[in-house]
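Participant: The primary structure of each chain is shown beneath.
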Amino acid sequence: MIKSDILIIGAGPTGLFTVFEAGLLKLKCHLIDALSQPGGQCSEIYPKKPIYDIPAYPEILAGDLTKKLLEQSKQFEPGFTLGERAETIEKQADDSFIVTTNKGTKHQAPVVAIAGGLGSFEPRKPVLENISDFEDNGVAYMIKDPEVYRNKRVVIAGGGDSALDWSIFLSDVASEVTLIHRRTEFRGALDSVEKVQDLKNKGKINLITPAEVTALFGHHKLESIEVTKSGETPQRIDTDAFIPLFGLSPKLGPIANWGLEIEKNAIKVNNALDYQTIIPGIFAIGDVNTYPGKLKLILCGFHEATLMCQAAYKIINPGKRLVLKYTTVSGIDGFDGTRKEAPKSVVKSID
Amino acid sequence: MSSDINIKITDRLGVTHSIEAPTDMALNLMEIVRMYELAPEGTIGICGGMAMCASCQCYVQSAHELPEKSDDEEAMLSEAFHVKSNSRLGCQIQIKPEMEGLEVELAPED
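So the sequences go chain by chain: B and L.
If you're matching positions, the first sequence starts at 1 in our numbering and goes up one per residue.
If you're matching positions, the second sequence starts at 1 in our numbering and goes up one per residue.
These are calculated hints, taken from the structure and not from any lab test.
Since we're looking at a predicted model, the values are computed, not measured.
It is possible that some hints are incorrect.
What the hints assert, rightly or not - In silico EDC-like links for lysine to aspartate or glutamate, alpha-carbon gap of 20 Å or less:
| id | chain 1 | residue 1 | chain 2 | residue 2 |
| --- | --- | --- | --- | --- |
| 1 | B | Lys48 | B | Glu71 |
| 2 | B | Lys48 | L | Glu73 |
| 3 | B | Lys264 | L | Glu73 |
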């Protein structure tokens, strides 16, 4: 059981900033995210794209924003459960909550802050009639353990970085790697594209473009695929595995079944006060919430996180008074023993 | 308003909406769909309009000559599903006066 004061679902910018604001109030946070790295969309979808409306940053790359937020909250030692999706929530007799992930990891906290953005990112599945029959029997949408493919024949489909990178990696592991993409151009890092070109020339990757996988065959497990090159008759390729890598798309997912009020694919909250949901102790902040006048902006998420932490403090420390402190005046005491403070202005007396 | 154009958008349930779209607000087709709430929030414009998802894919049904696809749009459509020869990403189509009478249909959600 992982225990914290505030359990944050979603490690995007709003979730990461919550760690800082909670830390100022001496509350410890743990974050769960379905992605394997913190930052949410900023890291996963558009790390190299600039954002222009973060206060005081005329321009910052989304990936750099994640780095800065991690650095800002570092001394408050947040815990992370990454690559796991929050699945169920159970209220306990002491009013705390237990959140269990899809991998069975259990987290307990008196306050849960859902900062889930547009939801957890799920792989996009190609439209092939019988594809679900072969899931876990030859078809996989992400590669968890590449060793599974040792000495196997593998077909990868897709045109982005993950399709390129995994084709390169598996060319050393699998007995045969086929990469299929609907265009001849790939959208990925230049050196990955060049590496694939090189491996293709050496005969280590079988590249089929522009083409599409149009059918899957097999009894109980995948045995072959049909690939259609534009304007040509389809061909069959025998394979042990088919890995479509077409990116991720966010789905609200299991959170939609937590008994919260959902409107427009978002969680309704009380914006007059503290962004609490209809379940006391569960808050929703950032893009995942909705209220009259809601704007899905990172900077609005920061504000919501800050107010939410004040309410969380009152739940966790009933009866205690709280007074707003300015970091410039009080400095920051990290949970790791570090202290940041403004330098003293009086240096030396003048006789 | 004289700067509005009339366009027809068929939503994912097959209902066709005749709407007026302003041409003087630097809006794209995806934003028009959201403005009129023709698709539920969270199912369209997921990436915000960077041609990095295909949630705003639509089929252009009228014969309008639209601006050519950028490399980004071309690349995204090559990885999208339900793609047809008249597929475009709504977020890459800026609403202009010459698009008067445009007719599009929203592609299915992934």
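Participant: Verify the proposed pairing of lysine 264/B with glutamate 73/L, using a straight-line Cα cut of 20 Å.
Facilitator: Status violated; Cα separation ~27 Å.
Participant: Take the C-alpha atoms of lysine 48/B and glutamate 71/B, compute the straight-line distance between them, and say whether it is at most 20 Å.
Facilitator: Measuring from Cα to Cα gives roughly 19 Å; hence the hint holds.
Participant: Taking 20 Å as the top limit, are the C-alpha atoms of lysine 48/B and glutamate 73/L close enough?
Facilitator: holds (17 Å)
Of the numbered hints given earlier, the model fails hint 3 alone.
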